[in-house]
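Novice: Here is how the chains run, residue by residue.
Protein chains: 2
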Amino acid sequence: MTTPAPSRTLDHPRRDAIRLEGVLHALSDPMRLRIVRSLATAEEELSCSLFDLPVSKSTTTHHFRVLRESGVISQCYRGTAKMNGLRREDLDALFPGLLDSLLRAAALQAGRLHEDGRGEG
Amino acid sequence: MTTPAPSRTLDHPRRDAIRLEGVLHALSDPMRLRIVRSLATAEEELSCSLFDLPVSKSTTTHHFRVLRESGVISQCYRGTAKMNGLRREDLDALFPGLLDSLLRAAALQAGRLHEDGRGEG
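Chains A and B, in that order, give the protein sequences.
The end of the first sequence is residue 121 by UniProt numbering, with every number in the run present.
The end of the second sequence is residue 121 by UniProt numbering, with every number in the run present.
Derived by calculation from the structure, the hints in this document are not laboratory data.
Owing to the predicted nature of the structure, the values given are computational and were not obtained by experimental measurement.
A hint or two may mislead.
[Said to hold, decoys possible] Only pairs whose alpha carbons sit at most 25 Å apart, straight line, appear in this in silico SDA-like list of lysine to any residue:
no., chain 1, residue 1, chain 2, residue 2
1, A, K82, A, A42
2, A, K57, A, E89
3, A, K57, A, R37
4, A, K57, B, E21
5, A, K82, A, E115
6, A, K57, B, H25
7, B, K57, A, F51
8, B, K57, A, K57
9, A, K82, A, G97
10, A, K57, A, S101
11, B, K82, B, D92
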């Protein structure tokens, strides 16, 4: 007989506690911007383990935490997997059009850097 | 007879060296966001001394430097005054629509925080 794992929930800011400065800080890192771009194109929540970032596992965990604590993403456990989703509805309600502008800007930059052969790693 | 002051110019990133991450980092601070909002509504360049921020003079100087080095503003000396202007043309060319989205988001947030009586200081 196994004991069910304790329910683990993660702290998220309520919508009205999300601050623009925190969102911009969260997106000011290339790895975090890459995570957000992936989540934006995914049709469902993605497990942390799906992201193959060129940084250590603990740094990856840190990046996801910064994104969650700023209100950019939601995280929840599903079994042993930590699942991630964009808080698009909250962000769009607070800052209409901003997330899409940021995603477009990130895509444009990625295209430019790639074309120049400098890449993004 | 006075010797003219040596011409002092300040380093600015070229347009193609401006990075989204740097711009977002520059705007992730409430004081820097406030500076940018003021410059966006001004019809001409503004002297640093016009900004009455609730931080020390050296911190103010630091904030302007971060904005310049990220490519968000241009700075030049006019006599002894350091004049500041938004690099709107460069930002709009690189990231169409982003600056306006950011300014709208900042204005919305300022309105919300003010209405709640929590203010922005």
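Novice: A separate judgement is required for each hint: does it hold in the structure or not?
Specialist: Going down the list of hints, with the structure as the test:
Distance restraint check for K82(A) and A42(A): the Cα-Cα separation of roughly 16 Å lies within the 25 Å cut-off, and the hinted pair is therefore satisfied. Our distance criterion of 25 Å between C-alpha atoms is broken by K57(A) and E89(A), whose separation comes to about 29 Å. For the hint linking K57(A) to R37(A), the alpha-carbon distance of about 19 Å falls within 25 Å, and the restraint holds. Only pairs whose Cα atoms come within 25 Å are accepted, and K57(A) paired with E21(B) is accepted, the gap being roughly 22 Å.
Pair hint K82(A) plus E115(A) does not hold up; C-alpha atoms about 34 Å apart against a cutoff of 25 Å. For the given pair, K57(A) sits about 24 Å from H25(B) by alpha-carbon distance, which is consistent with the 25 Å threshold. Taken as a hint, the K57(B) and F51(A) pair is broken in the structure, with Cα atoms around 43 Å apart against an allowance of 25 Å. A distance of roughly 41 Å separates the Cα atoms of K57(B) and K57(A); the hinted pair therefore is violated under the 25 Å criterion.
Simply put, K82(A) and G97(A) have alpha-carbon atoms about 28 Å apart, too far for the 25 Å limit, and the pair is violated. Between the alpha carbons of K57(A) and S101(A) the distance comes to roughly 30 Å, so the proposed pair goes past 25 Å and is violated. For the proposed pair K82(B) and D92(B), the alpha carbon gap of about 24 Å is at most 25 Å, so the pair holds.
Consistency with the previously given hints fails for numbers 2, 5, 7, 8, 9 and 10, ordered from lowest to highest.
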